[in-house]
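Peer 1: Residue-level listing of the chains:
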Amino acid sequence: MLFTTENWADIQRYYESTYLKFREGGDKLFYIENVTPGKVEGILEDKIKFELYLDDEHPYEVDYVLPHKSYFQHGEYACLLQRTPAKQYQRGICNKNTKIYFLDSNGKFGTMDLTFDILSSYVNKPKVSTLEEALTCDKRSCVLSSRFAVTHNGNIFLDSTSVAAVDSKSRTIHVKKKLFSPEIKELLKTSRMNVA
Amino acid sequence: MKIWEVFDMAADEMYKNSPVFIAGVECEIESRPRMKAGKSLSPYFACVEDGSLRNNGREFISLPLDKETLLTSFDHLQADLTFDNAQEAFSPRTSTHVHINCLNMELEEIKNLLLLYALFEDFFFMMTENRRDNIHCVPLTETYLPEKYSRPIDYLIGNWHKYTALNLLPLRTQGTVEFRHLHGTGNSQTFKKWVDTLSNLWELSRKVTLTDKTLVDEAIITWWKFIFKDSPEILQYQAVVPSVIKNSLLDVKLAFI
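Protein sequence lines correspond, in order, to chains F and H.
If you read the first sequence in my numbering, its first letter stands for residue 2, the second for the next number, and so on.
If you read the second sequence in my numbering, its first letter stands for residue 2, the second for the next number, and so on.
Please keep in mind that the hints were generated in silico from the structure rather than gathered at the bench.
There may be inaccurate statements among the hints.
Calculated pairs, BS3-like style, for lysine-lysine (alpha carbon to alpha carbon, straight line, at most 30 Å) [claimed, not checked]: (1) F:LYS40 <-> F:LYS50; (2) H:LYS149 <-> F:LYS186; (3) F:LYS140 <-> H:LYS247; (4) H:LYS112 <-> F:LYS177; (5) F:LYS186 <-> F:LYS170; (6) F:LYS88 <-> H:LYS226; (7) F:LYS97 <-> H:LYS149; (8) H:LYS163 <-> F:LYS186; (9) H:LYS226 <-> F:LYS186; (10) F:LYS190 <-> H:LYS163; (11) H:LYS37 <-> F:LYS70; (12) H:LYS247 <-> F:LYS190; (13) H:LYS226 <-> F:LYS126; (14) H:LYS163 <-> F:LYS109; (15) F:LYS109 <-> F:LYS40; (16) H:LYS17 <-> F:LYS70; (17) F:LYS177 <-> H:LYS214; (18) F:LYS100 <-> H:LYS149; (19) H:LYS163 <-> F:LYS179; (20) F:LYS126 <-> H:LYS214; (21) H:LYS214 <-> F:LYS178.
Coverage of chain F stretches by chain H, computed from C-beta distances (three or more under 8 Å per stretch; other residues unrestricted) [as the list claims (entries may be wrong)]: (22) 47 to 59; (23) 77 to 85; (24) 180 to 186.
Note that the structure is predicted; figures quoted are calculated from it, not measured.
We treat Cβ as the ideally placed atom computed from N, Cα and C, and that holds for glycine.
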């Protein structure tokens, strides 16, 4: 969508109080605080405020689609981002259309508010961990793939469903839901543990 | 139990016991759509205002019709309409929602329909233009809903959300499932392919039962070919079906835990 003076009311409706990216800004995230007929005010990732004057000859263009469901690593937690269907008009990311949950070491999930830090972790999506890395590092939970994560004590989740558990002593992964054996074997094919 | 019995609906016998596919359509159109001189709106359609549309947009809602009547009346409607600007009539704000009659379906068949749809959701979106990121047509796989698939279907119907691409909520009020994927269009061929595909899905849902035992590679390809048999542009993707449905297969397996 082009940010022109003619579109200011739509920009306000669709993007005020949301995070977005501009085509000209690459992967840089912007938070839109306030939209008026002549300008858009907001905050950049590094907390710097910005004002963007609507220009009909050289308009900025929003180049952002809502994110796909995926696990991503944010600090010591594996976090799961999901879209929430809702009666709302925002097209940028906001708490109404996107939810993020963190996976704690005890296998419980908690919700997180959207912030630049968290969304930057999602956008940058650092590499996933191997099972051995996940079990020996000091993180509470680690991402194994876009759909799978593991807690520090070896509880393996598909989204938020526990599907397998690691027995470190016998170096065996016990698949609780046998239907997922093919996916878990594929996921852990580089692991030296046995899948039972 | 059939849907009309589950929700105690006093619908016409024709819809409750019909052995054939019946569907209705909601066509959103902008740029002041109106009948051409000398033409009148078909009795199969009603024209209503829609606040979400611009430029004097209107919504044309059909009665529930058998497939041939639906396709013919859609063609006539589109041929008889005129606009302020035909190029703007089907803007990205517009969509074409299709409701399929499920009054005559058993609860188990509705579950089959949901899971078959979920398995091939990406291919349904491939038949439409830029709808995957539409906030009023959210793909099931992007949401929390797959983790609810193991619940009884009547629970799912009661805890669904309207703005998902496949909307189960109208089952309680109209006895229909709504498909919100299709972009606004006046193109007869596009509409026919879409309705044919939904008809195939409806038919297959009544023939097969999805379980953890039947969810095997050979069956999945057979089902896929049946549903998309009228869409050659989709059938050309047969070689990549396993990789395209990788995520969706996980979603559907969640129904059997």
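Peer 1: Keeping to a limit of 30 Å between CA atoms, is the pair of LYS40 of chain F and LYS50 of chain F held or broken?
Peer 2: Cα-Cα ~13 Å, so holds.
Peer 1: Taking 30 Å as the top limit, are the C-alpha atoms of LYS163 of chain H and LYS109 of chain F close enough?
Peer 2: Answer holds: LYS163 of chain H to LYS109 of chain F is near 29 Å, not above 30 Å.
Peer 1: Straight-line Cα separation of LYS163 of chain H and LYS179 of chain F no greater than 30 Å?
Peer 2: violated (33 Å)
Peer 1: Please work out if LYS88 of chain F and LYS226 of chain H have their alpha carbons no farther apart than 30 Å.
Peer 2: Roughly 35 Å separates the two Cα atoms, so the pair is violated.
Peer 1: Would you mind confirming whether the straight-line C-alpha gap from LYS126 of chain F to LYS214 of chain H stays at or under 30 Å?
Peer 2: Distance of about 36 Å is beyond 30 Å: violated.
Peer 1: Are there three or more residues in the region 47 to 59 of chain F whose C-beta lies within less than 8 Å of some C-beta in chain H?
Peer 2: violated (count 0)
Peer 1: Tell me if the straight-line CA distance from LYS37 of chain H to LYS70 of chain F falls inside 30 Å.
Peer 2: violated (46 Å)
Peer 1: Holds or violated: LYS100 of chain F and LYS149 of chain H, Cα atoms, limit 30 Å.
Peer 2: holds (17 Å)
Peer 1: If you draw a straight line from the CA of LYS109 of chain F to the CA of LYS40 of chain F, is it 30 Å or shorter?
Peer 2: Not OK: LYS109 of chain F and LYS40 of chain F at ~43 Å, beyond 30 Å, violated.
Peer 1: Between the alpha carbons of LYS226 of chain H and LYS126 of chain F, is the straight-line distance 30 Å or under?
Peer 2: violated (36 Å)
Peer 1: Under the criterion that the straight-line Cα-Cα distance not exceed 30 Å, is the pair LYS17 of chain H, LYS70 of chain F satisfied?
Peer 2: At roughly 38 Å apart (the allowed maximum being 30 Å), LYS70 of chain F and LYS17 of chain H break the hint.
Peer 1: Mind checking, does the region 77 to 85 of chain F have 3 or more residues with a CB under 8 Å from chain H?
Peer 2: holds (count 3)
Violation of the numbered hints given earlier is confined to hints 6, 8, 10, 11, 13, 15, 16, 19, 20, 22; the remaining hints are satisfied by the structure.
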